[in-house]
Amino acid sequence: MKVSLEWLRQYVAVNQPPSEIASRLTLAGHEVGEMQAIGGSWEGIVIGQITEVNPHPNADRLRLVTVDLRTDRQTVVCGAPNLHVGDKVPFASVGAQLIDGHSGELVRLKMAKIRGVASSGMVCSEKELGISDSHEGIMVLPAEAPLGTPLADYLGDVVFDVEVTPNRPDCLSVIGIAREVAALTGESLAVPEASYEETGLPIDQQISVEIADPDLCPRYCATLITGVKLAESPRWMQRRLLACGQRPINNIVDITNYVMLEYGQPLHAFDYNLLRGKRIIVRRAAEGEVFVTLDGVERMLSGNMLVIADAERAVALAGVMGGANSEVTEETTAILLEAANFNPGSIHYTGRSLGLASEANARFERGIRPELTLPAVRQATRLIAELGGGEVARGLVDVYPGKHEHEPILLPTEKVRRVLGVEFSLDQIVGALTSLGFECKTSASASELWVTVPYWRSDVHQAVDLVEEVARIIGYDQIPSTLLGEPLPRQNPEPILKLKQELTGSLVGGGFEEVITYSLTSREMLLKLLPEPHALEPAPVRLVNPMTVEQGCLRSNLRVNLMTVLEVNRRHEQGAIRLFEQGKVYLPRTEGLPEEREMLCGLLIGARQEKSWRGGEEAVDFFAAKGVVEGLLGRLGVAASFEPGQDESLHPSRQAALGIEGNRLGVVGELHPKVLKAFDFDEPVYLFEIDLGALLPFTVGHRMFQPIPRFPPIVRDIALIVDAAVTHLQVQDIVKSFPLVTEVDIFDVYAGEQVPGGKKSLAYRITYQSVTQTLTDEQVNPVQQKILDKLSRELGATLRA
Amino acid sequence: MQEQLEEIRLKALGELDRINDVPELESWRVRNLGKKSGLTRILRSLASLSLDERRAVGARANEVKSSLEDSLEQRRQAFHEVQLAEFVEREAIDITLPGRSFPLGHLHSITQTLREIIDIFVSMGFQVVEGPDVEWDYYNFEALNIPEEHPARDNMATLWVDSPASKGMVPLLRTHTTSVSARVIETMKPPIRVIEPGRVYRYEATDVTHTPMFHQIDALAVDKGITMADLKGTLYEFARRFFGADRRVRFRCDYFPFVEPGVEMAIECLVCGGSGCRLCANSGWIEILGAGMTHPQVLERGGIDPEVYGSFALGIGIERLPMLRYGIDDIRLFFNNDLRFLRQF
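From first to last, the protein sequence lines are chains A and B. Residue numbers for the first sequence follow this note's numbering, so the first one is 1 and each next one is one higher. Residue numbers for the second sequence follow this note's numbering, so the first one is 802 and each next one is one higher.
No wet-lab data here; the hints were simulated from the structure. Remember, predicted model here, so these are calculated numbers, not experimental data. Here a beta-carbon is modelled for each residue, glycine too, at the ideal position from N, C-alpha and C. A couple of the hints might just be wrong.
[Unchecked claim] Only part of the chain A face toward chain B is listed, based on derived beta-carbon distances under 7 Å:
id, residue
1, Pro-166
2, Arg-366
3, Leu-488
4, Glu-513
[What the hints assert, rightly or not] Simulated restraints, written as ranges between beta carbons of each label pair:
id, chain 1, residue 1, chain 2, residue 2, range
5, A, Pro-412, B, Arg-1041, 30 to 40 Å
6, B, Thr-1010, A, Gln-646, 37 to 47 Å
7, A, Val-53, B, Arg-1049, 56 to 66 Å
8, B, Val-831, A, Ser-612, 48 to 58 Å
9, A, Pro-18, B, Leu-1080, 16 to 26 Å
10, B, Gly-1026, A, Val-297, 52 to 62 Å
11, B, Gly-1026, A, Lys-441, 25 to 35 Å
12, B, Gly-1026, A, Thr-452, 26 to 36 Å
13, B, Arg-1041, A, Pro-142, 53 to 63 Å
14, A, Pro-18, B, Thr-1010, 22 to 32 Å
15, A, Pro-412, B, Leu-1080, 41 to 51 Å
[Unchecked claim] Sample of chain A residues lacking proximity to chain B, with all beta carbon distances greater than 12 Å (derived):
id, residue
16, Arg-9
17, Met-111
18, Lys-113
19, Glu-210
20, Gly-227
21, Glu-524
22, Val-638
23, Gln-646
24, Ile-660
25, Asp-691
26, Phe-711
The following block holds chain A by itself, in its conformation from the complex (with noise of 0.2 Å):
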């Protein structure tokens, strides 16, 4: 809302600097965002009368006009139509600044001379001073406007930007403002009641109101106004509008727009004559009617938006827009102007599904009273009967089903101080409420009050409503700061938040950058991931109104989106890169809300050790991937076992399941060659993904402390020669089933031209060692011989010589 400060000072004395209005209103409640002052840059331009107008010598459309400025007197050039003797108008000098007329750029004014007549200063029109756009004539000022005083000093204003807060309809309105500028600053309000004579005939007998539909209706009035001629509004009104943001059209609509402006009614002028059957029906709007509102478009309306009929045909959309059936034009004569009082919601249903925002509708969507209604049909038709003459009818119509008494709240003074933690006095309180328009009265303890609220507040219903206005007139800094307190709430985290924090750590100090991408993604995206088209499984959950196709569902999985990071940042950067996202994927379930599985992704490409001056790149392979799963888990404590996965999206042979008791917890492998191929790699991508929700029990157990061996191990190595098919896993198994066997580890996996076709090699180191006592070989000598025993009878290995 856009608050002009000289039209603030009508309703309430101004002693601060605008900056001080601005910050008092802004920290109780009404933020001030920029501050236009108008005549900022009319330094040099002073109010003049023109005393004579004389032909320019060599150019017919110009004049020499010769301007009074009460201690001086200038002769200029200009070429405007509108110059009369007498009239007073805004002089720039020379080194003023002015807005240029064409190229609408602040300008220094220069000595010229114009067809070889010196002029040194100009008479202003509007657009040059900044106040509007007219450019036709000169800047005409009333005749009573002070000869030779600064211009700034006569029409100079500043403009407020105000933000509303959607539960103050109340200062969407001049006179809002000016209340809230009065109870901040100590001063009082004065809005005079509007009075106007009544002399047409008895508006009963020109119009019949009749409210259809109470529920989205509360309150209809009405006031007649004929003999009414359509002209320009005058420059006061016009400059007021203009520096709230409003065009000026005729004196009518502005009218109705000036009082919306002033008391934060919303009216509407209809072309009485235009209205059928002399009648007003306010009705709900048949399904599938068709309407054409006033800007010309044709809108169908649905059941649940309110009109306002004649006795045939819808009139205008309630509380909207009007009807271009019942617009004020030249040849209105007659005017029935309307002040009502909408159902909010309704009002906010019809503005938005028809996606029409305008003044009137923000004002009744955010509730205001009904009691609004009647002081600001008065004020227009006022304006109305003085500024477009007419004859006002007797009487008006106020039809009002709605109307209800408000009961005053209780406030005990103790609550003040429950809700702020600050003990304000009784005067206090009251000063406080009374200057922004509250009845307060004390009960008999005086330590409660009745407070009655003023009727253009419809935002206070209860106790704490009235501390928050408390609380915002005596300041908000007057409230002590103060720390929380005993008692401290017992605590219970979530363990998979601690889960969450020591994956994403592990994985940071392992060299792995975590990204966040969005949790949306496309249907098109999640079918990249597949090597063979076909339907998704699961079907990802879908938004019903997506803001765009790229962002049209939810994520059923971390990969998609990582992958397409993983892509982007390839472009540019060569070496190896680790990425990984922890966050939500979305799967659907038949009732409830969506699941919402906590989820963890890696991705890795590139060298695992990359080339420096110290050798050659290591590539990146399923071992490194794996192996990032087996730390992660490791230090958890974690044992999982890795078989044989099924992942689609992943290198048929290639890949591992991850699980632990028979649950799985994730996967790691290569990306199938057609998804990397989809997602234009040229070079094997390895993933690993874990399911956090799955992971989480087994990361809880109890773990038992293990003493450090006393007694030194004693060490073997051994190399095997085994059938290709026979895997790592067969072989520890074995050996790990002996007694003494502490660690088996594999060192070397060879397979080539030292062994037969068909077969590999495998080195492993044995540990063997005693928690009782030092080993010897003849201890040891035998358990091994068992071992090869065992693993030549069960795997056909043979020691390689």
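Starting from the known structure of chain A, arrange chain B on it as the hints suggest.
Positioned in the frame of chain A, the structure of chain B alone reads:
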């Protein structure tokens, strides 16, 4: 005999001086101190001397022996020093070559900011609670005094989720983490101090200041006797620790449907320090968070008696904080995940 000893001593020392390497030291030792050396011969022949002579010559011979041994040891040490110096010289490396790679990654700057804020609140007795991203409209709106057609919904354009409704509730992507507070009020018993980090979503076109997803942290405290002074103290403490003790803080009235009274906290502009600049739109202040005393109806709806318990709530937008701290001018950078961006934090 004495003269002989002196002659042996001088000759040996003379030879020792001229020795240049370690093997020669050994042959010098054999020659001068070995079994067949003149000195050993003299010591062996002592038995044949008179008692007096034996005492004098013996003492002198032993003196010469230990003197030669000391000199040998000194000489040997000197050789070692030289050898060590040569050895160290050969071991020289170019310490300006880069170190071997010890790759450390980075937590995303949003994660870092979340953790920093969580740590501050945890130290004040708050506990982390998380809620679902896909939320019932009830917890996101109605429970928080934002019924249908409330103008406050216009500022929280909603992404609706195509998933089954339940008991008249419709799923959406939460527009704020305050939805978690609505759940906490329903499920936990006072005293409550919780902090609720998470992702939130808006139906908004993406540009330098908007993304369809961003992060928030809400906090909620419920207990007997909690006042707005406690809220102010908690916020000041947060601001002091997050922005530093010397940054001024402003506390002004603002409106959020689920609190009354409502508060907005701003800090002195990080760029201009309060004098006004482009970043703060000439106001000198940067809005940081919204807060207030939890609305009695919100507590009541969740089964907490507002006449017995006081409560405050606050909500912080996360992305803005690292943007201010590091001068990041485009919120999309957080979600583009360009490594050249991620590695800076």
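Classify the label on Ile-660 (chain A) as holds or violated, using whether its beta-carbon is more than 12 Å from each beta-carbon of chain B. 25 Å, holds
Taking 52 to 62 Å as the stated bounds, is the beta-carbon spacing between Gly-1026 (chain B) and Val-297 (chain A) within them? The hinted range 52 to 62 Å holds for Gly-1026 (chain B) and Val-297 (chain A), with Cβ atoms some 57 Å apart.
Is it true that the C-beta distance of Thr-1010 (chain B) to Gln-646 (chain A) lies inside 37 to 47 Å, as the hint says? 45 Å, holds
May I ask you to check that Lys-113 (chain A) keeps its beta-carbon over 12 Å from the closest beta-carbon of chain B? 41 Å, holds
With a cut-off of 7 Å on the beta carbons, see whether Leu-488 (chain A) makes it to chain B. For Leu-488 (chain A), the interface hint holds, since the closest Cβ of chain B sits about 4 Å away, which is under 7 Å.
Cβ separation of Pro-18 (chain A) and Leu-1080 (chain B), checked against the hinted range 16 to 26 Å: Given range 16 to 26 Å: holds, Cβ gap about 23 Å.
With d taken as the least Cβ-Cβ distance between Asp-691 (chain A) and chain B, does d exceed 12 Å? Consistent with the label, Asp-691 (chain A) stays out of reach of chain B, its closest Cβ about 17 Å off (over 12 Å).
Minimum Cβ distance from Phe-711 (chain A) to chain B greater than 12 Å, as the annotation requires: 35 Å, holds
Per the stated criterion, does the least C-beta distance between Gly-227 (chain A) and chain B lie above 12 Å, as a non-interface residue requires? At about 40 Å from chain B, Gly-227 (chain A) clears the 12 Å cut-off, so the statement holds.
With 53 to 63 Å as the target window, see if Arg-1041 (chain B) and Pro-142 (chain A) comply at their CB atoms. 57 Å, holds
Just checking, Met-111 (chain A) versus chain B, shortest CB gap more than 12 Å? 35 Å, holds
Val-638 (chain A) clear of chain B by more than 12 Å, beta carbon to beta carbon? Holds: least Cβ distance 22 Å, greater than 12 Å.
In summary, the structure agrees with every hint in the numbered list given earlier.
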